[in-house]
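J.: Letter by letter, the chains look like this.
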Amino acid sequence: MSAVAPNAPQHLRRDREQGWLGGVCAGIARRYGIDLWLVRFAFVVATAAGGIGLVLYPLLWLLIPAGDAPASAPRRAPRGRAAIEVALGTGLLLLSVLLTFRALGIWFSDALAWPLVLVASGGALIWRQSLGSREPEATAVGSTPPRPSRPAPATAPLTPTPAPATDEAGLRGRIAAALDELRHEEGRRAALAVSRTGIGIALVIAAGLVFLQATGALSAARDVLLSVLVAVVVLGVIFAPWIVRLVRSLTSERAERIRSQERAEVAAHLHDSVLQTLAMVQRRAGDPQEVAAIARRQERELRAWLAGRPAPGAAARLAPALEAAATDVEERYGVPVEVVVVGDRDLDPSVEAMVAAAREAMTNAAKFGGGSTVDVYAESSDGRTQVFVRDRGPGFDPKQLPSDRRGVRESIVGRMERHGGRATITSSADAGTEVELVLEARP
Amino acid sequence: MSEPRVLIVDDHQLFRAGVRSELDPLVEVVGEASGVDEAVRAIHELGPEVVLLDVHMPDGGGVEVIRRVAAEVEHPPRFLALSVSDAAEDVIAVIRAGARGYVTKNISGDELADAVRRVEGGDAVFSPRLAGFVLDAFAGPAPQPESELDALTPREREVLQHIARGYMYKEIALRLDISPKTVEAHVSSALRKLQLSSRHELTRWAADRGLGL
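The listed protein sequences correspond, in order, to chains G and H. In this text, residue positions in the first sequence follow our numbering: the first is 111, and each later residue adds one. In this text, residue positions in the second sequence follow our numbering: the first is 15, and each later residue adds one.
Excised from the complex, chain G in its bound form (with noise of 0.2 angstroms):
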């Protein structure tokens, strides 16, 4: 995101979600602070004024960059129609201009007029699909991948063990079936940019035709024609290959994102289910009924989880998601687990990750919280949810932790990040260890 501030930019930029055409007037605006209506009054004036403001607008334009979207501006219309509107603006722009000209009495003659206009027309399509055409990749990219929705459980087999086989092939599907739709989505991107540079190219060749048709220079131009088509098959087959490659591994690329974001939720899930239970097996080794009994629950869990189904008892609300895992937690480790929560919203994935990071956040403050009551507060108002997890114990260096301990790095903080979250923690030898969970209200 920009550093700069929306309403105060630092430096001049086009800004494209104000402005009509390029956004020149709304970005000087913009910068200095005027009425945006007085800048496009001023240039009208200035092209009424001997056709000044005519030539100036392209030029600022070519020369201001455009600027960063506000982040919280709804995206601009279509771009395939954006484009089209930019060509026939530029177009009509240069058709005033030549007309103009003509009225003023300086005319060339019809023949450089009319493929002029349609150079520009042509020229602004292709202009704006190729300079413009990372603008869609960095949003894809700066948003979260789309995340494969679990397989519905009314599928399921009856039979009270279910095969590893079948989970293994459904979480495997779940990665294929994201995948599709990945390459979908950049099948459409990509055939409509093309289509797009396509009309641009016709129009600047229709240009060039009519010029030479105009001229009578068309059957001299034939034999260039002929080794310009040469040349260009002739370089095709030369960089095919290279083009396919870069395609292909920037897909694959992606696809390697997916699968390890995918790895990291499932290491996180082990993390705090079946890990945790472990540990808890060889501290209470002595009882083996205990044991047994913990076992059986860890079991009954990770089923739940392995089949797609929210693990038993879950609750659909925020606050008896944290009671139950405060509860879990205290009865786990016996330490007092104190829950207040103000203003209760319903579960959805992002907060379901919000809870289980701050059950991690419980259990790490019963484990080295020395004791002292695990105090938990959260609090969600428009849309923004906070949870905060304090307790009193002797606090740790949150940099120092060994990075083979994943509790706190992968089942808190980069829970929180995959969700669209964050994470903080402070900690100190007096006033304890305080974890700082947060997810905005989505816009």
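Note that these hints are calculated values from the structure, not bench results. Keep in mind that this is a model prediction, so the values were computed, not measured. All residues carry an ideal CB built from backbone N, CA and C; glycine is no exception. Any given hint could be a false lead.
The list that follows gives simulated cross-link-like pairs (lysine to any residue, SDA-like), each with its CA atoms no further than 25 angstroms apart [claimed, not checked]:
#1 Lys195/H <-> Ala541/G
#2 Lys119/H <-> Ala434/G
#3 Lys477/G <-> Leu356/G
With the C-beta cut set under 8 angstroms, the calculated list includes, among others, these residues of chain H facing chain G [stated by the list, open to error]:
#4 Asn120
#5 Gly123
#6 Gly135
#7 Gly146
#8 Leu149
#9 Gln175
#10 Arg179
#11 Glu185
One side of the interface only, derived from the structure: several residues of chain H facing chain G at Cβ under 10 angstroms [unchecked claim]:
#12 Phe29
#13 Gly32
#14 Ser141
#15 Ala178
#16 Tyr181
#17 Leu188
Given chain G's structure and the hints, the job is docking chain H onto it.
T.: For chain H alone, kept in the frame of chain G given last:
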């Protein structure tokens, strides 16, 4: 300065005994009562300065004790609600009836004694849970026409949020860069608003508890 004289009111004998054994070395426990009538009588006879009051009791609970004492006693003691874990409307009702604070039973003996001394000195005592209840009660838009009593100031909200997160007054003062006295002032102001506000949610709770304020 002598230690405050305390009366413990709760219908569970075990609980009274537990609190008494924790408090005895720290403050002067002058008596116990197990019900509303007994509590009112004990306040008349013993004249305690602070009454630790259970929210839930037969015959009207803590709210009834506060109401009858307010009507009958010339210099009523200060009340501090002490309970395990109750519904928001019960706790809010006791506070609106006149209690100076609410603490949960899992508070340590030292902290409880400290809370008793603060209530005796006229301060308000908020546990994390009470802070949460108050924030909840004052969440959402204030009713129209808006009165100063119907909404918390941003600073009051911030202080209550810190209490809900488990911070002590001294720690809050340090974090917000204000004096502990100012923290105390914000808390007292929040308590005053809770007692005097005519917010719909608060009056509804009061009406449900037969307070009719």
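J.: Does each hint fit the structure? Answer for all of them.
T.: Hints and how they fare:
no., hint, result
1, Lys195/H <-> Ala541/G, "20 angstroms, holds"
2, Lys119/H <-> Ala434/G, "20 angstroms, holds"
3, Lys477/G <-> Leu356/G, "50 angstroms, violated"
4, Asn120, "5 angstroms, holds"
5, Gly123, "14 angstroms, violated"
6, Gly135, "25 angstroms, violated"
7, Gly146, "4 angstroms, holds"
8, Leu149, "4 angstroms, holds"
9, Gln175, "7 angstroms, holds"
10, Arg179, "4 angstroms, holds"
11, Glu185, "6 angstroms, holds"
12, Phe29, "17 angstroms, violated"
13, Gly32, "15 angstroms, violated"
14, Ser141, "9 angstroms, holds"
15, Ala178, "4 angstroms, holds"
16, Tyr181, "8 angstroms, holds"
17, Leu188, "9 angstroms, holds"
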